[in-house]
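Asks: As a plain string of letters, each chain reads:
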Amino acid sequence: RKEVEQDPGPFNVPEGATVAFNCTYSNSASQSFFWYRQDCRKEPKLLMSVYSSGNEDGRFTAQLNRASQYISLLIRDSKLSDSATYLCVVTSNQAGTALIFGKGTTLSVSS
Amino acid sequence: GAVVSQHPSWVICKSGTSVKIECRSLDFQATTMFWYRQFPKQSLMLMATSNEGSKATYEQGVEKDKFLINHASLTLSTLTVTSAHPEDSSFYICSAYGDFQFFGPGTRLTVL
Chain L
1297 RKEVEQDPGP
1307 FNVPEGATVA
1317 FNCTYSNSAS
1327 QSFFWYRQDC
1337 RKEPKLLMSV
1347 YSSGNEDGRF
1357 TAQLNRASQY
1367 ISLLIRDSKL
1377 SDSATYLCVV
1387 TSNQAGTALI
1397 FGKGTTLSVS
1407 S
Chain Z
3 GAVVSQHPSW
13 VICKSGTSVK
23 IECRSLDFQA
33 TTMFWYRQFP
43 KQSLMLMATS
53 NEGSKATYEQ
63 GVEKDKFLIN
73 HASLTLSTLT
83 VTSAHPEDSS
93 FYICSAYGDF
103 QFFGPGTRLT
113 VL
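Quick note, the sequences are listed as chains L and Z, same order. Under the working numbering, the first residue of the first sequence carries the number 1297, and numbering increases by one thereafter. Under the working numbering, the first residue of the second sequence carries the number 3, and numbering increases by one thereafter.
One chain only, chain L, in its complex shape (with noise of 0.2 Å):
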């Protein structure tokens, strides 16, 4: 089993549409859990960290379910600036440092 998994995607949207992302982890120590947006040929950038609590930032939403080692990221009201590859990423240390990666999930979203 990969340490990191996604939804296998891509995704096509339209614009103004809700899609969600989800990701599984096999390491239940894992420490801390992130959502980077990669663009074609660019370095990851990073979207949003995720909490047990759920976060949101502006459209985004992420949640985490320690119990099913499950993260989600959910992107309303998309916009043609969404297309990118999402990446789910956790980390694989105790000091919470080394980042593992899912492959990514494609979004693209069309007017």
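Calculated from the structure, these hints are not laboratory results. Accuracy of the hints is not assured; some may be wrong.
Now the in silico label distances, taken between C-beta atoms and shown as ranges [said to hold, decoys possible]:
#1 L/E1301 to Z/A74: 36 to 42 Å
#2 Z/S85 to L/S1406: 41 to 47 Å
#3 L/S1349 to Z/M47: 29 to 35 Å
Idealized CB from N, CA, C, for every residue including glycine.
Since chain L is already given, all that's left is putting chain Z on it; use the hints.
Replies: Showing chain Z alone in chain L's frame:
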């Protein structure tokens, strides 16, 4: 925000040559930097953890004699791909740990 730079941004070299990639944290000191590699349509894979003033820690399956890492100062880590071969062609990304991990823009290596 914290900025991490990488140089060069892309390089094309002949098989058998060595290539050095630099990673710099520009506005903060990073005792720990990380090197990742990403093949097309694949996830970023951690290659090694670079610790200032000590030897790097390599992930399983990564040859330490082939991928030489030097972290000589708190703002600079270098990755040298020795005797590069076409299968080493990839996108190499470094990151430096501040409050979060900040990624460099990546170096695209093509070995002919």
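Asks: Does the structure break any of the earlier hints, and which numbers would those be?
Replies: No hint contradicted; all consistent.
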